[in-house]
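There are 2 protein chains.
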Amino acid sequence: MNKGMTKVTALYPNSEGKKFDIDYYINKHVPMVTKILGDAMIDAEIEHGIGSAEPGALAPFAAIGCMYFNSIEDFQSSFGANAEQIMGDIPNYTDIEPVIQISEVKL
Amino acid sequence: MNKGMTKVTALYPNSEGKKFDIDYYINKHVPMVTKILGDAMIDAEIEHGIGSAEPGALAPFAAIGCMYFNSIEDFQSSFGANAEQIMGDIPNYTDIEPVIQISEVKL
Numbered sequence: 001m002n003k004g005m006t007k008v009t010a011l012y013p014n015s016e017g018k019k020f021d022i023d024y025y026i027n028k029h030v031p032m033v034t035k036i037l038g039d040a041m042i043d044a045e046i047e048h049g050i051g052s053a054e055p056g057a058l059a060p061f062a063a064i065g066c067m068y069f070n071s072i073e074d075f076q077s078s079f080g081a082n083a084e085q086i087m088g089d090i091p092n093y094t095d096i097e098p099v100i101q102i103s104e105v106k107l
Numbered sequence: 001m002n003k004g005m006t007k008v009t010a011l012y013p014n015s016e017g018k019k020f021d022i023d024y025y026i027n028k029h030v031p032m033v034t035k036i037l038g039d040a041m042i043d044a045e046i047e048h049g050i051g052s053a054e055p056g057a058l059a060p061f062a063a064i065g066c067m068y069f070n071s072i073e074d075f076q077s078s079f080g081a082n083a084e085q086i087m088g089d090i091p092n093y094t095d096i097e098p099v100i101q102i103s104e105v106k107l
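Protein chains in written order, with my numbering: chain A, 1 to 107; chain L, 1 to 107.
Certain hints may be false.
Said to hold, decoys possible - Dumping the calculated PhoX-like pairs for lysine-lysine here, alpha-carbon to alpha-carbon at most 25 Å:
#, chain 1, residue 1, chain 2, residue 2
1, A, K18, L, K106
2, L, K28, A, K28
3, A, K19, L, K19
4, A, K18, A, K28
5, L, K28, A, K18
6, A, K35, L, K3
7, A, K3, L, K19
8, L, K19, A, K106
Stated by the list, open to error - Have a look at the derived ranges for each label pair, beta carbon to beta carbon:
#, chain 1, residue 1, chain 2, residue 2, range
9, A, G17, L, K28, 40 to 48 Å
10, L, D21, A, N2, 19 to 27 Å
11, A, N92, L, N82, 41 to 49 Å
12, A, G56, L, N2, 33 to 41 Å
13, L, E84, A, G4, 28 to 36 Å
14, A, D43, L, N70, 15 to 23 Å
15, A, D89, L, K28, 36 to 44 Å
16, L, D95, A, N27, 37 to 45 Å
17, L, E54, A, A44, 32 to 40 Å
18, L, E73, A, S77, 42 to 50 Å
19, L, S77, A, G56, 17 to 25 Å
20, L, S77, A, G4, 16 to 24 Å
Said to hold, decoys possible - Computed footprint of chain A on chain L, listed as stretches where at least three residues anywhere in the stretch have a Cβ under 8 Å from a Cβ of chain A:
#, segment
21, 27-41
22, 46-52
To be clear, the hints were calculated from the coordinates, so they are not data collected in a lab. Treat the numbers as computed from the prediction; the structure is a model and nothing was measured. Even glycine gets a Cβ: it sits at the ideal position worked out from N, Cα and C.
Please model the entire structure based on the sequences and the hints provided.
So this is what it looks like as structure tokens:
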């Protein structure tokens with residue numbers, strides 16, 4: 001359904017002692033980003049890490065946020081111009097530095 | 001749309017010199033897994049890494065495969081019983097050991 005789209009994912013690597021306020025992320029940060037990106041962002045998905053392959057192990061990522069765009073240019077023009085405001089909100093919900101993945105959806 | 005679902009993601013960390021045969025992954029591995037998991041897997045998405053936040057940088061992950069289930073039990077019962085067959089196919093397309101993330105879809 002999203003095949004062919006540009007998917008930009010922010011992954012928050014987990015480790016003991018790190019904080020991640022999932023409520024702030026979902027109720028404040030994501031709505032702010034959604035408003036800023038406007039029509040350029042076609043879809044989004046937010047997930048909260050609960051585990052890994054080994055029972056009881058920490059999830060590799062505390063949370064993951066996926067954003068879908070029609071093209072990498074749509075991402076760059078909408079996100080790039082507002083990167084400072086978006087990135088500046090990160091300390092309000094986590095002390096983890098996100099990893100940014102840019103992918104093409106193949107299936 | 002997938003809110004509340006259990007999302008299981010296989011992430012293939014990228015580094016120079018690693019191989020990942022995206023064609024085999026999409027045309028052979030994913031169809032095999034889809035068949036094995038049957039109705040337990042509600043949806044799937046496959047992405048191919050093309051970049052990161054810095055222009056020209058390697059994508060953090062060569063590829064990412066997402067699988068959606070109604071519950072973690074549905075994942076465990078369908079995947080667990082066939083893990084050996086599924087994992088045994090990995091060397092056919094990559095020398096990267098995948099990271100497994102289990103999440104709850106929040107949005």
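To see whether the hints hold, each was checked on the structure:
1. A hinted pair counts as satisfied when its Cα atoms are at most 25 Å apart, and K18/A with K106/L qualifies at roughly 20 Å.
2. Between K28/L and K28/A the CA atoms are separated by roughly 41 Å; this puts the pair beyond 25 Å, and the hint is violated.
3. At roughly 34 Å between alpha-carbon atoms, K19/A and K19/L are farther apart than 25 Å, so this suggested pair is violated.
4. A hinted pair counts as satisfied when its Cα atoms are at most 25 Å apart, and K18/A with K28/A qualifies at roughly 20 Å.
5. For the given pair, K28/L sits about 38 Å from K18/A by alpha-carbon distance, which is inconsistent with the 25 Å threshold.
6. For the suggested pair K35/A and K3/L, the alpha carbons sit about 20 Å apart, so the restraint of at most 25 Å is met.
7. Only pairs whose Cα atoms come within 25 Å are accepted, and K3/A paired with K19/L is accepted, the gap being roughly 23 Å.
8. This hinted pair checks out: K19/L and K106/A have alpha carbons roughly 18 Å apart, not beyond 25 Å.
9. For G17/A paired with K28/L, a C-beta distance near 41 Å keeps the hint of 40 to 48 Å intact.
10. The given range of 19 to 27 Å is respected by D21/L and N2/A, whose C-beta atoms sit roughly 22 Å from each other.
11. For the hinted restraint 41 to 49 Å between N92/A and N82/L, the CB-CB distance of approximately 43 Å keeps it satisfied.
12. A hinted range of 33 to 41 Å for the beta carbons of G56/A and N2/L is inconsistent with their spacing of about 25 Å.
13. Range check, E84/L to G4/A: about 34 Å between beta-carbon atoms, so the 28 to 36 Å window is met.
14. The beta-carbon spacing between D43/A and N70/L, approximately 21 Å, falls within the hinted interval of 15 to 23 Å.
15. Checked against the hint of 36 to 44 Å, the C-beta distance between D89/A and K28/L comes to roughly 42 Å, which is consistent with it.
16. About 42 Å separates the C-beta atoms of D95/L and N27/A, a value consistent with the hinted range of 37 to 45 Å.
17. Look at E54/L against A44/A: about 23 Å separates their beta carbons, and that is not inside 32 to 40 Å.
18. At about 43 Å, the beta-carbon gap between E73/L and S77/A stays in the expected band of 42 to 50 Å.
19. The hint said 17 to 25 Å for the Cβ distance between S77/L and G56/A, and at roughly 19 Å that hint holds.
20. Hint check: S77/L to G4/A, Cβ distance near 33 Å, so the stated range 16 to 24 Å is violated.
21. Only residues whose C-beta sits within less than 8 Å of a C-beta in chain A count toward coverage, and the segment 27-41 of chain L has 1 of them, not enough to reach three; the restraint is violated.
22. Counting residues of the segment 46-52 of chain L whose C-beta sits closer than 8 Å to any C-beta of chain A gives 7, which meets the bar of three, so the coverage hint holds.
Violated hints, in rising order: 2, 3, 5, 12, 17, 20 and 21; the structure is consistent with all others.
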